[in-house]
Structures are given as C-alpha cells and as structure tokens.
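Which chain is which? The protein sequence lines are A and B, in order.
The numbering of the first sequence is the numbering used here, which starts it at 601 and goes up by one.
The numbering of the second sequence is the numbering used here, which starts it at 601 and goes up by one.
Think of the hints as simulated: they come from the structure by calculation, not from any bench.
Check before you lean on any hint, since a few could be wrong.
A pair counts as met if it fits within one copy or between any two copies, since identical chains are not told apart.
[Unchecked claim] Here are the simulated PhoX-like pairs of lysine-lysine, each with C-alpha atoms no more than 20 Å apart in a straight line:
id, residue 1, residue 2
1, Lys605, Lys718
2, Lys605, Lys621
3, Lys708, Lys688
4, Lys718, Lys602
5, Lys710, Lys602
6, Lys688, Lys710
7, Lys789, Lys688
The primary structure of each chain is shown beneath.
There are 2 protein chains.
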Amino acid sequence: MKQLKTRILSDGVAVGTEAVKVDSFLNHQIDVAFMNEIGAELRRRFADIPRDGIDKILTIEASGISMACATATAFDAQNPPPVVFAKKGLPRTMTDEVWFTEIMSFTKMKMTAVRIAKKFLQPGDRVLIIDDFLAHGQAAAGLVNLVEQAGAELLGVGIVIEKAFQQGGTLLRSQSIRVESLAVIDTIKDGTITFQ
Amino acid sequence: MKQLKTRILSDGVAVGTEAVKVDSFLNHQIDVAFMNEIGAELRRRFADIPRDGIDKILTIEASGISMACATATAFDAQNPPPVVFAKKGLPRTMTDEVWFTEIMSFTKMKMTAVRIAKKFLQPGDRVLIIDDFLAHGQAAAGLVNLVEQAGAELLGVGIVIEKAFQQGGTLLRSQSIRVESLAVIDTIKDGTITFQ
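Work out the full structure: start from the sequences and follow the hints.
Have a look at this one:
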C-alpha cells in the first residue's frame, strides 16, 4: 500500500535497527480516515473471500482493534463480520470458559496471558486474523493457536506492517498460512527504513 | 438510545448487583455495525460541537477504542478528529515525555498506570472523552486529569453505559463536566436491569 509506505517514511520513527514507531497515526494516536483506508485495503487483499465466506475477524487488544473494525466495515458496512479481540491478562473472575495461550512480548520482554471466551470462537468459525505488526510472530502465532484450539478455520492473516528481518512472516508462511502485509520493511538502519 | 437499552436487555448479562456483561457486542466481541450506530448517536449528543470545534477524541485502551473511532467517523468521515487512546502500564523505554496518572480498577482491584505521550495532547486542544462504561468514574477522572495536566480544554464526556448507582456520573457532573450517557442503568437486581 503505497500511501502507507509514504506515511511510514514521513511520520514513522526508526528506533535502532529493529523497531519503527508509528504512534502518530496507528497505535497511540489514530488517524481514523487513514485507518478506514487501511481497512479497505486489507479487505481488498482478501477480495476472494465473499462476505458469506467469513464468520469472524480476530485480533488482539489494544492496537489491533481499530484496524479490525475498519476491515469488518469494509467487508460490508451494513452487515460486517463481528470483531473478536483477544484479551491480555487474567480476569478477576474466570466466569466464562476460555481458550487460553501465552505469548512472548519482545517489546515488553515478558510473557502475557491471552484469552478468548469460548462462546466467541467456535468450531467451524471461518476466521481472518488482523493485527498492526508482524515481527517475531508471537502475537499472530498465539492467535493462530487459539483458532486451532477452537477447531475454527483460519482464512488468513492480514497485517499492516511486517518486519521481514524478523521471523514472524517466515514462521507463519512455513505453516502454509496465508499472510498479507500492507507494508513490508526490509531493514531499519541509521534511521532509514527500507521496504521490500 | 432505545436500541442500546433493548440490546443490553436481550444480550447483556447481569452479574450480581453491580455489573453487567456486554461482551457479546461491546467489549470482547464487537458488533461493528451497531458500534458505528453508537458512534453516530454519541456524535448527535454533542451535535452543538461543529467539526472545527474539536481537536481530539480521547479514550483509554482497550474497550474505548472502537467507539471512539466510530464517533470520530461520525463527526466527519472524510476528516475525522484523531483518536488518542491512553495506554495502560509502563513502557519498557520511556523515550517520549508523557502525561501520567494512576487509576483504580475496581474490576481488577488494582491501580493501573495510565499515560499519554505529551505530543498527542497539547495545551489548547479541545478534547472529547469517550468510553464504554461510567461506573466509579476512575477511568474518566484519570482521563480528565490528563486533559488538565496538558492544559487542554475538555468539551465533555460521552459514555455508552452509565451505572447511576455508582458515583462516577455524580463525581464528574459535580465538577461541571458535561456527561452524555447513551444508557443509564438505575439498578441491577436479581438478574434484572432497570434503566433510568
């Protein structure tokens, strides 16, 4: 997505050789009109999936929520697929049965519990995973794990920014998972971001 | 908002006398079309504020994000105000200067650090706060505190579900803060939810 790459170059901030901050438009402050365009582009990347071929869009709190909702709206504004977001941390009272996994956050350098109420991810559900970043692939792999636990069907993974120099994309694609990324970063070096 | 009350009665689950679970459409699974209507109604409640009278919509991760984005789109789909969501927890590296406060979560029974990068909330910004619930008012009061720290101007607080039997609404209105709630719950008793 050309407009996204342009925006990353103009407003993104390279941090060392591994990270890019896009908090001015994607994951702290949200440019809502641009986010709606990102949703439309993610939907286009999965244009072969008709509205009646998808049951749920799955993401993880918090940054994935806005783009997941925008993608759902782009599928069908009148009848969008529901968005389910996996929750981090453990609830005070585990009143519902949940699918549960743990993911390693390299940003925060800790393991995080992740869960989805079983009633919102069921056997046979056809699920598209949407998230902001694909880096080491921990969050995506965790969501894929939850889909597998549920006996749901994974349609693919839609990502806004993939960092190709980390192994997340390779990890997912090696399992024959379809991954569509709107911008793929090859390297971050001396403050310069290079796309594939 | 009649449709919201109907939905709470049909899909909400009363928990004891203090809580109602709306995780099937609002804060775990999201009914995106309904969320867009909630955004449109929140915008109508602040219809006296023209698009050029608002600079930012402020919310807190994670549940507030979808309704804040929907409200922003309802202000002007082509040129929505940016949404800024306050982040919970402390970052690994505090590279940006932040406005910082702590809020007590009665759901989780713990204090949570909350922060916004100073560059995204500046003196003079005209800010509308949007959130899913108003209960004890801790989250809203925390956001109001951040707005005050920044020297920004608070236009009001838009809430999807207010629980009138907890003191959040009273707390805010006693400070002459304009609060608009789409559904106000009076009591939760024996599994029955009663609206004001």
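Structure-based check of all given hints:
1. Taking the shortest Cα distances, Lys605 and Lys718 never come within 20 Å of each other, neither inside one copy (37 Å) nor across copies (25 Å).
2. Only within a single protomer do Lys605 and Lys621 lie at most 20 Å apart by alpha-carbon distance; the minimum there is 13 Å, versus 40 Å between protomers.
3. Proximity of Lys708 and Lys688 under a CA criterion of 20 Å is satisfied in both settings, with 13 Å inside one chain copy and 13 Å between copies.
4. Proximity of Lys718 and Lys602 under a CA criterion of 20 Å is satisfied in neither setting, with 38 Å inside one chain copy and 29 Å between copies.
5. Within a single copy, Lys710 and Lys602 get their C-alpha atoms no closer than 34 Å, and across copies no closer than 44 Å, so neither meets the 20 Å cut-off.
6. Proximity of Lys688 to Lys710 under the C-alpha cut-off of 20 Å is found in both arrangements, the shortest distances being 12 Å within a copy and 15 Å between copies.
7. Within a single copy, Lys789 and Lys688 get their C-alpha atoms no closer than 32 Å, and across copies no closer than 30 Å, so neither meets the 20 Å cut-off.
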